[in-house]
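Here's the letter readout for the chains.
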Amino acid sequence: MARARRGGPLVWLTESRNGLGLIFMLPAAVFLICFLTYPLGLGVWLAFTDTKIGRAGIFIGLENFTWLSEDRVFWLSVFNTFFYTLIASVLKFALGLWLALILNENLPFKNFFRAVILLPWVVPTVLSALAFWWIFDSQFSIISWVLMKWGMIDAPINFLGEPWNARFSVIAANVWRGIPFVAISLLAGLQTIPQSLNEAAALDGATSWQRFRRITLPLLTPIIAVVMTFSVLFTFTDFQLIYVLTRGGPVNATHLMATLSFQRAIPGGQLGEGAAIAVAMIPFLLAAILFSFFGLQRRRWQQGGGD
Amino acid sequence: MAETPQDDIVGMEQFNSLPRRVVVTYIPLAIFVFVLLFPFYWMAITAIKPDHQLTNYNDYSPFWVVQPTLDHIKFLFFETSYPGWLWNTVVVSVASTVIALAASVFAAYAIERLRFTGARVTGLLIFLAYLVPPSILFIPLAFIVFQVGIFDSRLALILTYPTFLIPFCTWLLMGYFRSIPFELEESALVDGATRWQILTKVILPLAVPGLISAGIFAFTLSWNEFIYALTFISSSENKTVPVGVLTELVRGDIYEWGALMSGALVGSLPVVILYSFFVDYYVSSMTGAVKE
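From first to last, the protein sequence lines stand for chains A and B.
Using UniProt numbering, you'd call the opening residue of the first sequence number 1 and step up by one each time.
Using UniProt numbering, you'd call the opening residue of the second sequence number 1 and step up by one each time.
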């Protein structure tokens with residue numbers, strides 16, 4: 001297949017696989033190297049400097065990290081990030097899987113429901129978060145009003161003003177936004193499971209729980225692994241919801257690492273310190289990516305193919 | 001069908017018994033749909049409520065509006081910079097989507113079909129690039145944007161959005177190109193077509209659904225983007241809708257909920273309308289990106 005015969009480099013560029021490949025990859029590569037790879041490296045470098053907005057920094061070694069390791073707000077944000085990611089991911093998974101199973105039934109208006117359910121995911125997060133801000137208002141929350149009408153509470157709930165209330169409120173908003181993605185992806189996975197397997201198992205006397213546990217779940221595992229990795233990754237690095245709903249408050253109770261990093265770097269001007277917080281997220285992200293990688297490997301292996 | 005107690009096919013039974021179906025399927029589905037849609041209803045109803053009804057839950061039912069008004073939307077369009085933000089968002093989203101799509105088509109074709117040396121590794125790197133979150137890139141990017149001298153301009157966003165669009169689109173298009181039979185390309189090669197002709201005359205027409213999926217998805221992603229726009233833009237006239245609504249319509253302690261919610265509603269409509277026309281493309285791009 002060596003199409004590149006003798007000739008100048010121009011012929012090589014336009015005729016051979018590698019030459020053409022190089023040309024075709026160029027635009028994407030330029031963008032990704034200039035605005036992704038380079039910033040990633042620069043971010044790591046900034047984390048080891050004392051750069052401020054408007055002032056180039058010098059290398060200060062691990063000073064940012066030692067400073068952060070004694071910063072209680074930083075550790076609080078680490079705790080919050082893990083708490084937020086864990087609870088929100090578990091809820092998104094459980095509710096998303098449930099919704100996917102419901103949608104996989106023979107429903108009337110199935111396409112309509114599928115379309116409507118994706119809406120929270122389509123609408124800009126900041127804008128739907130504003131609606132949640134209004135729903136979580138300390139005085140005029142519609143939830144408080146309904147609960148008071150029903151006589152379940154006496155005074156409006158201070159959703160975003162109390163640390164634990166605020167944590168659970170932002171988690172609720174995150175779950176609300178994340179369910180559609182999990183549900184629709186898992187639904188796509190469910191639809192690839194041959195109906196004949198379920199029918200055969202049903203004929204052999206398996207209960208619906210047994211069929212779910214022994215057929216649906218194992219066949220769905222690879223896609224669950226991938227979907228949940230994405231979900232965990234995006235929850236872990238979430239910024240928008242927190243920034244709109246609480247800006248990290250009350251008393252830093254909902255600061256995630258991403259919001260704290262923004263807070264210190266942009267309004268605070270401490271680019272180096274902000275970068276250090278962002279860099280501190282990388283090990284966890286790597287762990288999640290490796291997990292995803294092995295999830296994909298396993299899927300290939302299950303399909304019995306090398307490629 | 002007669003229901004026999006000793007029926008072994010427990011799973012099939014549920015297709016017959018309506019009450020069970022109602023409890024197991026319809027009621028949970030109704031609750032899901034209600035919860036997932038309620039914030040939009042609340043957003044919409046607030047946007048058209050006159051101010052005196054907004055917080056007066058005793059005299060007016062909060063769930064309904066008595067005399068709907070367009071005052072908030074009028075305020076938005078005639079007394080704030082909202083139209084400018086909408087325009088900025090459109091310009092930035094369209095430009096970055098076009099750039100990302102063009103770059104991605106070539107990249108995906110090269111990785112999937114030219115199979116140059118190292119194509120598989122490149123494909124994997126693209127996937128990894130997709131997993132790099134904006135929240136760890138915005139600080140160094142702000143630094144770069146500042147140094148290049150495009151801080152506080154739409155160009156800053158147009159150039160940085162492709163960083164998360166290109167990996168996504170490339171990955172998606174790779175899947176589409178993979179599904180196009182090799183034989184078509186081979187016969188075109190035998191007939192003497194160049195690679196460029198094959199790409200534009202054979203592959204692209206067949207990959208139109210993939211291009212639409214990638215395009216509308218990229219458009220939605222850039223429309224929804226927030227952290228870069230918040231960091232790189234400082235003057236009011238260059239802001240995008242999400243940033244503008246949040247930073248300019250929220251003033252002091254008295255929130256103008258009507259204006260805020262109509263800002264959120266109007267800002268959501270373009271993507272929702274686009275979505276309603278292309279639901280299946282959205283679903284296929286979402287699941288396609290995850291599945292591969």
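It cannot be assumed that every hint is accurate.
EDC-like mimics (lysine to aspartate or glutamate), calculated; alpha carbons at most 16 Å apart, straight line [to be verified]:
(1) B:Lys-201 with B:Glu-185
(2) A:Lys-149 with B:Asp-59
(3) B:Lys-201 with B:Asp-191
(4) A:Lys-110 with B:Asp-280
(5) B:Lys-201 with B:Glu-183
(6) A:Lys-52 with A:Glu-63
Quick list of the computed label-pair ranges, beta carbon to beta carbon [to be verified]:
(7) B:Glu-183 with A:Thr-14: 22 to 28 Å
(8) A:Arg-214 with B:Tyr-26: 23 to 29 Å
(9) A:Trp-75 with B:Ala-30: 27 to 33 Å
(10) A:Trp-75 with B:Leu-204: 18 to 24 Å
(11) A:Ile-193 with B:Ser-235: 17 to 23 Å
(12) B:Leu-125 with A:Ile-193: 27 to 33 Å
Note that these hints are calculated values from the structure, not bench results.
Where is the CB? At the ideal position from N, CA and C, for every residue including glycine.
Hints, one by one, checked against the model:
Between B:Lys-201 and B:Glu-185 the alpha-carbon distance is near 10 Å, which keeps this suggested pair within the 16 Å criterion. Using a Cα cut-off of 16 Å, the hinted pair A:Lys-149 and B:Asp-59 holds, with the two alpha carbons roughly 14 Å apart. Taken as a hint, the B:Lys-201 and B:Asp-191 pair is honoured in the structure, with Cα atoms around 13 Å apart against an allowance of 16 Å. For the hint linking A:Lys-110 to B:Asp-280, the alpha-carbon distance of about 13 Å falls within 16 Å, and the restraint holds.
The suggested pairing of B:Lys-201 with B:Glu-183 holds, with an alpha-carbon distance near 14 Å, which does not exceed 16 Å. With a C-alpha separation of about 15 Å, the suggested pair A:Lys-52 and A:Glu-63 falls inside the 16 Å cut-off, and the hint holds. Between B:Glu-183 and A:Thr-14 the Cβ separation comes to about 24 Å, which falls inside the hinted range of 22 to 28 Å. The beta-carbon spacing between A:Arg-214 and B:Tyr-26, approximately 27 Å, falls within the hinted interval of 23 to 29 Å.
One distance hint, 27 to 33 Å for the beta-carbon pair A:Trp-75 and B:Ala-30, is violated here, with the actual separation near 43 Å. Hint check: A:Trp-75 to B:Leu-204, Cβ distance near 52 Å, so the stated range 18 to 24 Å is violated. Between A:Ile-193 and B:Ser-235 the CB atoms are about 53 Å apart, so this pair departs from the stated range of 17 to 23 Å. The supplied range of 27 to 33 Å is met by B:Leu-125 and A:Ile-193, whose beta-carbon atoms lie about 32 Å from each other.
Checked against the numbered hints listed earlier, the structure breaks hints 9, 10, 11; every other hint is satisfied.
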